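Whole structure, please, built from the sequences with the hints as guidance.
Numbering (UniProt numbering), first residue to last: 1 to 142.
No lab work stands behind these hints: they were computed from the structure. All of these numbers come straight from a predicted model, not from anything done at the bench. Built from N, CA and C at the ideal position, the CB exists for glycine as well. Only true hints are included.
Simulated restraints, written as ranges between beta carbons of each label pair:
{"#": "1", "residue 1": "R5", "residue 2": "L49", "range": "20 to 28 Å"}
{"#": "2", "residue 1": "E88", "residue 2": "K64", "range": "18 to 26 Å"}
{"#": "3", "residue 1": "G72", "residue 2": "L38", "range": "28 to 36 Å"}
{"#": "4", "residue 1": "F91", "residue 2": "E31", "range": "32 to 40 Å"}
{"#": "5", "residue 1": "D4", "residue 2": "Y45", "range": "24 to 32 Å"}
{"#": "6", "residue 1": "K35", "residue 2": "L135", "range": "31 to 39 Å"}
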Amino acid sequence: MEIDRQRIETYLDEIANEAMIIRSALEKSNEDIAKSPLVLRGLKYSIVLISEAIANVLQHILAKKNHVSISGYTQCFTKAKDHNIISEKLFDQLKPFSSFRNMLVHQYWRIDDKIFLANLREGIDDFQLFIKEILEIVLAND
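Printed below as a string of structure tokens:
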């Protein structure tokens, strides 16, 4: 089975668009963001959207290229690393992000906003690295 390039590109566009929204919001100071609950909630929602898009990309590539099924969100990252879909470096960078996504979705009230913003500022470039690595795989498949 072949990778559906258009499907992958749609997800990657979503990741890039949400990352751009996040970057725009992060132009404000943490204090200003904390004063605006709507901006803070928007950032958290963008992270959920990005994480779902990443999982969809990994799940699709694993299924089509490697004939591997996934039973859960975090398994996408591990199996993607094991099958060399993402690098060890990117796996290490995205692993905390995947745990954080689960907390956002299931235990959002336990999120420390200061830690959230610090992690977001530190990890925003990881999304672009993900896009780059996935495009290399998709282009190699052509």
